[in-house]
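Asker: One letter stands for each residue in the lines below.
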Amino acid sequence: MKTYLIFILCITLNLTGFSKDEKKPVKKKEQKAKSSSKLFYKKAVKHYRNKNYNLSLYFLFSLIKKNNGVSKKENKLLTRLLGQTGTLPLYLYDPELLEQINNPYISLHLANHYFKKKDYKKSMAYASSVPDSNKFYPEARLIIGSTLQLKGDPQFKTYLKQCIKSAHKKSGGAFAKKFKLYYDLIRENCQINYARELYGKDKYARSNAIYTDIPKTAFSWPYLLLEKAWNYYQLKDYNRSLGLLMTYESPLLASYFLPEAEILKALNYYNLCLYNDTAILIEKFFKVYKKRSLNLRSYVKKHKDAEFYFNFIDRKLNSKLDNSYVKSLKNQLKKKLKVNLHYGSYKKTRKEYKRLKAKGASKRDLEFLEFTMKKMRERIGRHVQEYFYYFINQINFVASEMFNIRLEVISRKKDLLYNDKTLVAKRARGGLENVNRDTDEYFFTFQGAFWADELGDYSFGLKSNCKEVDKNNKE
Amino acid sequence: MTKYCVFTLLFFGLNLSFAQERVVEKYVKRQRVDLGNMEIEGEVLTPGDLSIQGDKRKRFRMKLYDRENFKYEIRNDVLNLR
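Listed in order, the protein sequences are those of chains A and B.
FYI, in our numbering the residues of the first sequence are 1 to 475.
FYI, in our numbering the residues of the second sequence are 1 to 82.
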C-alpha cells in the first residue's frame with residue numbers, strides 16, 4: 001500500500017511538474033507578446049496625440065505585421081492617421097502587408113498600385129471594396145470605369161455614371177475648397193472619359209458636346225482643347241480646329257506647350273491645301289522647338305538622380321531655370337493632383353521632422369523620418385523625371401511626323417507641276433463665310449489680343465485652297 | 001643558303017604584297033539632306049506634233065498621323081491621381 005501511495009504521489013508530482021514546465025514558456029511568450037503589442041499601440045497613440053503622424057504610422061504597421069492582422073480599434077487609428085499623412089507614406093510599406101488590412105485608404109492605394117502594374121483584376125477588386133459612403137468612392141469608381149474602358153468592356157458606363165453622380169454630390173457637400181476642387185476634378189475626368197470613348201467610336205459631334213460642358217475654369221481644360229481640336233479635325237472643320245489650337249498661343253496658356261498640337265496645326269493647314277502655311281509651321285518647329293528639345297535632353301541626361309527633380313516642385317531651382325520648356329513643364333506638373341497630394345504629404349513630414357529635431361527626439365526616430373522624407377522626395381522626383389522623358393519622346397515623335405507631312409507637301413507640289421496645274425490661289429485668306437458654327441458655339445473675331453472669356457472659342461475663316469486649275473488658264 | 005635566300009625573298013615579297021592590298025575605305029557617317037527650301041518650280045514644255053501619251057502616274061500617298069483613340073490619356077489620368 002505504501003509503495004502504491006508513493007507511486008501515485010510521484011506520478012502526480014511529475015504531471016504537475018511537467019505541465020508547469022510546458023505551460024510556463026507559452027504563457028511567458030503570450031504575455032510578452034501582449035505587452036509588446038500594447039506597447040506598440042500605446043506608442044502609436046502617443047505619437048498620434050503629439051501630431052507625429054509618420055512615427056505613429058510606423059508603430060501601428062509594426063504592430064499589424066507582428067499580429068498578422070488589424071483589430072477594429074487599430075483600424076480606426078489607421079484611418080485617422082492616413083487622413084493626416086495622405087497615401088504617400090504607404091509606398092514605404094510592403095503591399096503584401098497592406099493587403100491584410102481592410103481600410104478604404106489602403107484599398108485605394110492598392111487599386112492604384114496594381115493599376116500601375118497593369119494587374120487590372122486586382123486593381124478592380126481593391127477599388128470595388130471602397131464603400132459608397134466613403135469619401136474616395138468617386139475616385140475608386142473612376143479607376144474601375146477607366147480599367148473597363150481600357151479593356152473595351154461596355155460596363156464602364158455604369159461606373160463612370162456612378163463616379164459623376166457621387167462626385168457631384170460630394171462636391172456640393174464639401175466645406176473645404178480643396179475637397180471641392182478634388183471632387184470636381186474627379187467628376188471632370190469621368191466626363192472626359194465619356195467624350196474620349198465617343199471619339200474612338202467616330203461620334204465626334206457628340207463627343208464635342210461633352211467637352212463643351214466642362215467649364216473653362218477646370219484644371220484639365222487646357223488639355224481638352226487639343227482633344228476637342230481633334231474632334232473638329234475629324235469633322236473636317238479645320239478652321240475651328242485651328243482656332244482652338246491657336247488658344248495655346250495666348251499668354252494665359254503659355255505654360256501649356258503640347259507638341260501634338262503642332263502636328264494637328266500642320267495637318268489642318270495641309271488639308272486646307274495651304275502648303276506654304278504648312279511649310280512655315282514645319283520650319284518653325286524644326287528651327288525653334290527641336291533646338292529647345294535638344295537642350296532639354298542634354299539637361300535630363302546630365303541629371304539622372306530622381307531626387308534632383310524634386311527640387312522643381314520644391315521651388316528651389318527657380319532662379320536657375322533658363323530653358324522655357326523646363327519652366328513650362330514645371331508649371332504643368334504643379335497643377336497635377338498627384339503632385340499636389342504628394343507634395344502636401346512631404347511638407348507635413350518635413351514639419352514633423354523639424355519639430356521633433358527641435359525637441360531633441362531620439363536618433364532612431366529622426367533617422368526614420370529622414371529615411372521617409374528621402375523616399376518621398378525620390379517618389380515625387382521620379383514622377384517629374386518621367387514627365388520630362390515623356391515630353392522629349394513626344395518631341396521626337398512629332399519631329400518624325402512633321403517630316404512625313406513635309407515630304408507629302410513636296411509630293412503634292414510635284415504632282416501639280418507634272419500635271420501642269422496650280423492651286424486656285426497662292427495664299428488664300430478667307431472670311432466669315434468659312435466659319436462653321438453650331439447653335440451653342442460662340443465665335444469671336446480676333447482683335448490682336450486674347451481675352452480670357454474668348455479662349456477656346458476662336459475659329460479661323462480660311463478658305464480651302466484645294467481647287468486645282470490649269471496653269472495656263474490662270475495666267 | 002640559296003634556299004634561305006629564296007625563302008626570305010618570298011617572305012618579304014608576300015609581306016609587301018599584303019601591305020599594298022590594305023586599302024581603307026571611308027564612308028560619310030551622316031548625309032544631311034536639306035529639305036528646307038520646298039519651292040518646286042519649273043515648266044512643262046508643250047509637246048510637239050509627235051508625242052506619245054504616257055500611262056497615268058501612280059500616286060503614292062504617305063499615311064499621315066491620325067489619332068485613333070485616347071487610351072493613353074485614359075490610363076495616364078489614373079496614373080496621375082496618386
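Simulated from the structure, these hints should not be mistaken for lab results.
Mixed in with the good hints there might be a few duds.
Unchecked claim - Distance condition first, Cα-Cα at most 16 angstroms in a straight line; then the derived EDC-like pairs of lysine to aspartate or glutamate:
id, chain 1, residue 1, chain 2, residue 2
1, A, Lys76, A, Asp94
2, A, Lys336, B, Glu73
3, B, Lys58, A, Glu408
4, A, Lys201, B, Asp66
5, A, Lys284, B, Asp34
6, B, Lys63, A, Asp153
7, A, Lys354, A, Glu378
8, B, Lys63, A, Glu408
9, A, Lys287, B, Glu73
10, A, Lys116, B, Glu68
11, A, Lys357, A, Glu367
12, A, Lys151, B, Glu73
13, A, Lys201, B, Asp34
14, A, Lys203, B, Glu25
15, A, Lys236, B, Asp66
16, B, Lys71, A, Asp202
17, B, Lys58, A, Asp415
18, B, Lys71, A, Asp470
19, A, Lys336, A, Asp314
20, A, Lys414, A, Asp470
Asker: Each hint should be assessed against the structure and marked as holding or not.
Answerer: Consistency of the hints with the structure:
no., hint, result
1, Lys76(A) x Asp94(A), "violated, 20 angstroms"
2, Lys336(A) x Glu73(B), "holds, 14 angstroms"
3, Lys58(B) x Glu408(A), "holds, 15 angstroms"
4, Lys201(A) x Asp66(B), "holds, 14 angstroms"
5, Lys284(A) x Asp34(B), "holds, 15 angstroms"
6, Lys63(B) x Asp153(A), "violated, 30 angstroms"
7, Lys354(A) x Glu378(A), "violated, 19 angstroms"
8, Lys63(B) x Glu408(A), "holds, 9 angstroms"
9, Lys287(A) x Glu73(B), "violated, 29 angstroms"
10, Lys116(A) x Glu68(B), "violated, 23 angstroms"
11, Lys357(A) x Glu367(A), "holds, 10 angstroms"
12, Lys151(A) x Glu73(B), "holds, 14 angstroms"
13, Lys201(A) x Asp34(B), "violated, 40 angstroms"
14, Lys203(A) x Glu25(B), "violated, 59 angstroms"
15, Lys236(A) x Asp66(B), "holds, 13 angstroms"
16, Lys71(B) x Asp202(A), "holds, 14 angstroms"
17, Lys58(B) x Asp415(A), "holds, 10 angstroms"
18, Lys71(B) x Asp470(A), "violated, 45 angstroms"
19, Lys336(A) x Asp314(A), "holds, 14 angstroms"
20, Lys414(A) x Asp470(A), "holds, 15 angstroms"
The structure fails hints 1, 6, 7, 9, 10, 13, 14 and 18 (numbered hints given earlier, in ascending order).
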